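K.L.:
Chain A is fixed; fit chains B and C onto it per the hints.
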Amino acid sequence: MSATALDAQAKRSQQEIRRLRRRALLTLRYVVLVIVAILFLFPIFWSFINSIKLPAEAVAVPPTYLPTEISFENYEELTTYGKIGIAQHVYNSTVVALITVAGSIVLSTLGGYGFARFNFPGKNVLFIMVLSTLMIPFQSILIPLFVMIVQVDLHDTLFGLALVYITFQLPFGIFLMRNSFLAVPHEIEESALLDGCSSLSILYRLMLRLVLPGIVTVAIYAFINSWNEFLAALIFMSDQDKFTLPVFLTTIRYGIWGDVNWGALQAGVIVSIIPSLAIFLALQRYYMDGLMGGAVKN
Amino acid sequence: MNSRKPLLLVLAFVLVIGSLPLAAQDDQINMTMWVRSIPFQTQAMVDEWNANNDSQIELTVIPSAEFVTKMGAAIAAGEPPDIASIDLIYTPAFSAAGQLVDITEFVRELPYADSLTPAHMELGMYEGRNYAVPTGVDGSFIVYNIDLFEQAGLDPDNPPSTWDEMLDAMRAINALGDEIYRYWFSMNCAGCNAFTFLPFIWASGGDVLSDDYAEATITSDPIVRDALAFYNTIWEEGLVPEGASIDNGANFVNAFAAGNIGMAGMGNFAIPLFTNDHPDLNFGVFHIPGKEGGAASFGGGDVIAIASGSEHVEEAWRFIEWTMSDEAQIEIYAANGQIPVRLELVDNPYFEGDDRQMTAASALAVGFTPYTVVYNDLFNDPNGPWLEMLQIAILDGDIDGALELGQERFTQIMEG
Amino acid sequence: MIGSIALLNLSWQQRRKLTGLLFVTPTVAFVTVFFIIPLLMTAYMSLHDWPLFGERAFTGLENYQELSKDRQYLKSLDFTFRYTALVTPPIFILGFILASLVRHNIRYIGIFRTIFFLPVVIGLGVSSLLWVWMVDDRIGIFNKILLDLNLVPKAQLFLGRPNTAMNVIILSVVWKTVGFTMILLLAGLQAIPDELYESAEVDGAGYFRKLFYITLPLMRRTIALALVLSVIGSVLSFDQFYIMTRGGPRNSTISIVFWIFNNSFTYFKMGYGAAMSIVLLGILVALTGLQLYVLREKE
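Chains as they are written, first to last, in our numbering: chain A, 1 to 298; chain B, 299 to 714; chain C, 715 to 1013.
Honestly, I wouldn't trust all of these hints.
Below, in silico cross-link-like pairs of lysine-lysine (DSSO-like), each with a Cα-Cα straight-line distance of 30 Å or less [to be verified]:
1. C:Lys868 with C:Lys858
2. A:Lys123 with C:Lys731
3. C:Lys924 with A:Lys11
Some residues of chain C that are not near chain B, with every Cβ distance over 12 Å (derived) [said to hold, decoys possible]:
4. Gln727
5. Met755
6. Ala799
7. Leu800
8. Pro804
9. Ile820
10. Asn864
11. Pro876
12. Ile928
13. Tyr1007
Restraint ranges, calculated between C-beta atoms of paired labels, are given here [as the list claims (entries may be wrong)]:
14. B:Asn328 with C:Pro804: 50 to 58 Å
15. A:Phe42 with C:Pro803: 20 to 28 Å
16. A:Arg18 with C:Arg923: 16 to 24 Å
Please keep in mind that the hints were generated in silico from the structure rather than gathered at the bench.
Every value quoted in this text rests on a predicted model; they were computed, and no experiment measured them.
We put the beta carbon where it would ideally sit given N, CA and C, even for glycine.
Next comes chain A alone, as it looks inside the complex:
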């Protein structure tokens, strides 16, 4: 009797120890998580802090930790920076991103539907051809792309840059949309077919709603990738009025007359981070779905 009681007690205290240990481990895990999270957030946070310093304080040597006065002068300076002002560059980046998003959605949806639901001669060859774009990144074919864009007079146009971006969103978009369409049961479509609807109206009236998550994912990737892209924008745009945000920011980095306006640069960094950050935070689920769907499943 007493032996079992002792046993039970020992067992209880053992459980207690295990519980405490688990708790300690969990606490430790949170401590580590918080520390790492701070380290990850620090650069963005620090950039923001400096963007709201007074312009003179933002270039102070050595730097101050906290602003002596909160000011939005750096942002104001950006509105007239380099005579053109940041608004024009935000507009450029937005237009390029939206054309890219629109083009990627239309092409990926049509193509994805075609590859998922139809049989036609040469289908596999064409599908592989589209996917092979994934293997050969645009960096290696930039030179002829430049020559071509120049020849059709699309150099220095936002539209030309967007065309290039659309092309390199396509393999991912087609792949993703094809999977989305494949996941829709055949029956839904067949009943509509029997009712005599055309393929386009089935796509438009019926399927679009069902593959909407896929479309959102394609749109997010198209937006973030085109918003952030640097090398192609650097090469295809030589007119300062047409610079996208990342290219514009590098001109601040090198300074117009040599002096680098670090405060304005940080304000510009914040301005250019906000849209992609907001879109990511709002539609995180779709973004992650795309990442998993596009990468892990293949």
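P.N.:
Just chains B and C, lined up with the frame of chain A:
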């Protein structure tokens, strides 16, 4: 309710925006002009012109390090600016490629054609034809801080005239304290050092290119090694601030303006900046010396040219001709401390009695400018062999390795 | 009546084929114009002396012969591979540690996953601008902290020496991309059934036994994918070098893509740049082949 409508609206909106025409057309002549980011009085010129003429010029400032890339891309795209203020050393490359308008006939009409700065005129020539005229004159020399010279017990009226005297002066200033530096070079700026370091070699009778610009003489000319060793000594003895080793030119002017630098290579363009923005800065000017004496200067600056394909050649020339007029040269250039591009105008009321301006202007007499179509690839490119050679020799002290590497890469580029 | 239905059926089949083809036509057209043709053109241009403007001439394999003598090109190849070899392990190891940290669905874990992933959606160009400023010797926060803690006697010129410049760039790229690897590995981790670990624990297996006998073998494919994606990304890197070091110091951080960019758009030697692109293409095809080989092996 219907989730597709807004989507389609967005699509339509985007496609419309993307295809809007870029600018409205009208009858007025609008010209575009590019200038690299060097503080000549270009903006003032353009403003003055726009205020008094029907035709309007839109000026774009391109970061110096990107000028050739941007200009090349614009030419390839068939959309160059009408007028370009080009670093004179790039002119041969652009005129050889047929990208500039032949202005020989216009130049012949100028009554003062013979007094335009010869280095600029020569660089603006290709196969006997004129493609560009001077618009910014910028010789290199050394500025020194008179206050620091006096504090260090040096005679400010007798600035150094050999490398050894320069080193001695630096060492003397060195003794003044921790926050005082003796010299400044922007050792991560390729162009800055072509401008201020090459003359040390030239003044000693050496060169990195043969007289016919056909081959590199980096390993065969012993002066090149001596000059690198001279700068290496400055670096090793800590006579320049450490930050100079990574400066990409952003502090080329500012460093000396701060007042704690004894000497620095500089150009004419900086003098108005010093006198206007830093009136307390008590500085003098001397020529870049050779090893045992002598003097040399890099005849730098900008020429102005009309790009092939411009639809406003006559009007563009009218602007260019006006920039060289007495009125523009004296009331805009000289009045703002910039050297006129016509030699006879150096004697003007604004420069009278300013020794610094006169010494700086006299640097043009010993000015020299290399004529090669691959100048950018050799010297000015941040990834070119010139800067790499300087950094390895001066900062790392590996002079032999640097010379060998420089010779090899120069040769490769010059052979095309 | 019956006959007309059969006819309709037949044409309906063919119409389906035609419709399908029409649906994919825009995509195929895009890929042909902006991908297949440029690809062929790259090869064609690489056989020419093709200046950005001016006359071009057929030169056969001259560009390729020139490559073997281009000291900076060889240096760039070497640098790109060295950079890849140095940046891949920290991305992978840290990505794995982070994935393990956020693996279980404990409270608030979603927030931490999001935070670790945030830098991924920031452009590499913008993140490079952020870092070049943070490591500046005069106004950078890194030097400020190091100096205030008396860890260094004077401000460090992080981007002034090849070694430290490389380290700073690696640090910035790890910050920017590790979240991506983390998410990939997280998906792989979560696909492993908990029962496997539980039964291993019953057998008294410790952390490392579980790691080497369960986790890593079962995640083989995910790991391979994460590694290949990160390696390809590194081989193609340009933004960070162009913005942070401009290829310096001593031209020690010029990647292949950087050198292609310089030759094509600064020295105007587009044919030569195209020849380098062809070599780069070969490298990438080899890497992708490796990826396919590793991923397909046990199927």
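K.L.:
Compare the structure with each hint and give your call.
P.N.:
Hint by hint, here is what the structure shows:
{"no.": "1", "hint": "C:Lys868 with C:Lys858", "result": "holds (10 Å)"}
{"no.": "2", "hint": "A:Lys123 with C:Lys731", "result": "holds (10 Å)"}
{"no.": "3", "hint": "C:Lys924 with A:Lys11", "result": "holds (27 Å)"}
{"no.": "4", "hint": "Gln727", "result": "holds (29 Å)"}
{"no.": "5", "hint": "Met755", "result": "holds (15 Å)"}
{"no.": "6", "hint": "Ala799", "result": "holds (23 Å)"}
{"no.": "7", "hint": "Leu800", "result": "holds (21 Å)"}
{"no.": "8", "hint": "Pro804", "result": "holds (25 Å)"}
{"no.": "9", "hint": "Ile820", "result": "holds (36 Å)"}
{"no.": "10", "hint": "Asn864", "result": "holds (18 Å)"}
{"no.": "11", "hint": "Pro876", "result": "violated (10 Å)"}
{"no.": "12", "hint": "Ile928", "result": "holds (44 Å)"}
{"no.": "13", "hint": "Tyr1007", "result": "holds (36 Å)"}
{"no.": "14", "hint": "B:Asn328 with C:Pro804: 50 to 58 Å", "result": "holds (53 Å)"}
{"no.": "15", "hint": "A:Phe42 with C:Pro803: 20 to 28 Å", "result": "holds (23 Å)"}
{"no.": "16", "hint": "A:Arg18 with C:Arg923: 16 to 24 Å", "result": "holds (20 Å)"}
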